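Just so you know, the protein sequences line up as chains A and B, in that order. Take any residue in the first sequence, count from 1 to its spot, add 824: that is its number in the numbering used here. Take any residue in the second sequence, count from 1 to its spot, add 51: that is its number in the numbering used here.
Where hints are given, some of them may not hold.
To be verified - To give an idea of the interface, some chain B residues facing chain A are shown, with a C-beta separation under 7 Å as derived from the structure:
id	residue
1	Q143
2	F147
3	K174
4	P178
5	I181
6	R182
7	F185
8	N203
9	Q204
Since the hints were derived computationally from the structure, they do not count as laboratory data. All figures in this text were calculated on a predicted structure; none of them were measured in a lab. Even for Gly, the Cβ is constructed at its ideal location relative to N, Cα and C.
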Amino acid sequence: MEAETCPQALTPSQSNWDSLSVDLAELILSLLPIRSIVRAAAVCKLWRSLTSSRSFSVRVSATKKPWFFLYGQNNIFLKNNQAFAFDPEANEWLCLPTSLFPSSSQEQSFIGSGGFFITTTPCINARFAFAPILTHSWRETSPLTYSRCNPLVGVFVDALGMHRFIVVGGVRFIGGLVDIEDRLAVEIYDPRLDSWEVCPPLPPAFRTGNSSHSLSSALFRGNFYVFGIYSCFVSAFDLNRRCWSEVKMIRPPGVVVSSFLITCRDQLVMVGLCDNAHGGPSVMLWWVDERTMEFSEIAPMPQDLLYRLFDTEEDDRFASLKCVGLGNLIYVFNEEHHKCYPACVCEINFESGKCSWRMVPPLPLPVNSFHKVITFCSTISMHDILQSEDL
Amino acid sequence: MSTEERRIVVLRSSDEEIFEVDIDVASESQTIKHSIEDDDSGRVIPVPNVDGHTLAKVIEYCKKHVETPRSDDRDAQDALRAWDTEYMKIDQNTLFELILAANYLNIKGLLDLTCQTVADMIKGKSPEEIRAMFNIKNDFTPQEEEDIRKENQWAFE
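Kindly generate the complete structure, drawing on both the sequences and the hints.
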């Protein structure tokens, strides 16, 4: 398949690449998976300037599939934290060096969204810090008005093209106990003023579970949707009007143990983990109409693949299955350690409406055991990764 | 004997080689297609940027892809892909000449195929291996190289 013979009849100073225009060189490099692009940027100064240009970054962003990130937290031995990233295009996992993340503390909540890694620390200062994914450029914002553990965080681009953070829900501790009375306000960050705008909190229907443990969120068409994983309540926060929609319930037929709402390009998708008494467990996908909240079936996950995600006959085997997704990819994974966090990925073909499922390759060993596994999908900015002040 | 008139186009490469090609085959190139539409007099169409060796190779691709009917049949698609793979077993110089020719002649399928072939050569290789493969000079200082590696350590492991 490869035309890999050495260049013939070339003097030591010539390369076939010299004959290519910038446009052609950029085209070829944009076909590479992201890790290969970063290596290509280390070949020579010309390749570095080709791959770190804004036009290249824009060209690549349109075609690269979002990555799937898995961050494992060990609450006792913080040095056992690990982070991994899966590139669906290259079909390989990467171990992310811990130097990419700020030194963690036990209370720190970590999440990723919209091209950023984000940490919130609910100590007195209600610290909020962010960095473009895979860079070392961490910045701290002014403190949140309300400190909280495990909030939902979304990233959206406002009318002026600026990245804005929205923080929803989370849990506040008072004297070591969870404060159930206070509904924590939604806060939206303004980078120009370095300040947080306080907005109406999550509707009361979400009161019994408003941390990221029991909520799934999806940014879609100017709305930040919040969906109860177990309660099936859904409400949309209008990012322009700064208000919540009426709370509805999306509970499809079948015994749904948990469900998740995912933004797949220009469609909302719901993934439900069902435990049918006779049929056994199943995973189903539905399209959701964002205006009416009506849903229609897409396809179920193949049963044999589902069984590879867990192997016990325990009643609560489904409790450890979670789901995230972005673009045309949906990941279903097991957040229990004993099988080393197996995952499946579904690729949706929007033209045909067909889904193709496959196992994600296993995580590269060694994989520690974690108290908490945080997963999310996000796109990556080539431009941010290849930024360098000195070179 | 068919009464259908098969139209032939005459192409002349940069090194004066002449190729008589079926009009459908030649029209795989958007550049040549527009040239024919503008001037239907049947004169020779010069292809100044492409030498005879490369043009012959281009015509081989166009011929195969015009002859092969479009089909949803899995086997037919696999067969064409296998042909493309065999077709791409060429030396690096010819490969790059083909890229330039496909670009100049505006033949999308050939441009995609050749660019993907080069990308596949680069995929998964280290910077040193890439430089060796394409005879590219490393113009970074050792310090610059070290900084680059440290900046995105995860990509080099």
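Hints, one by one, checked against the model:
| no. | hint | verdict |
| --- | --- | --- |
| 1 | Q143 | 5 Å, holds |
| 2 | F147 | 4 Å, holds |
| 3 | K174 | 5 Å, holds |
| 4 | P178 | 4 Å, holds |
| 5 | I181 | 5 Å, holds |
| 6 | R182 | 6 Å, holds |
| 7 | F185 | 5 Å, holds |
| 8 | N203 | 5 Å, holds |
| 9 | Q204 | 5 Å, holds |
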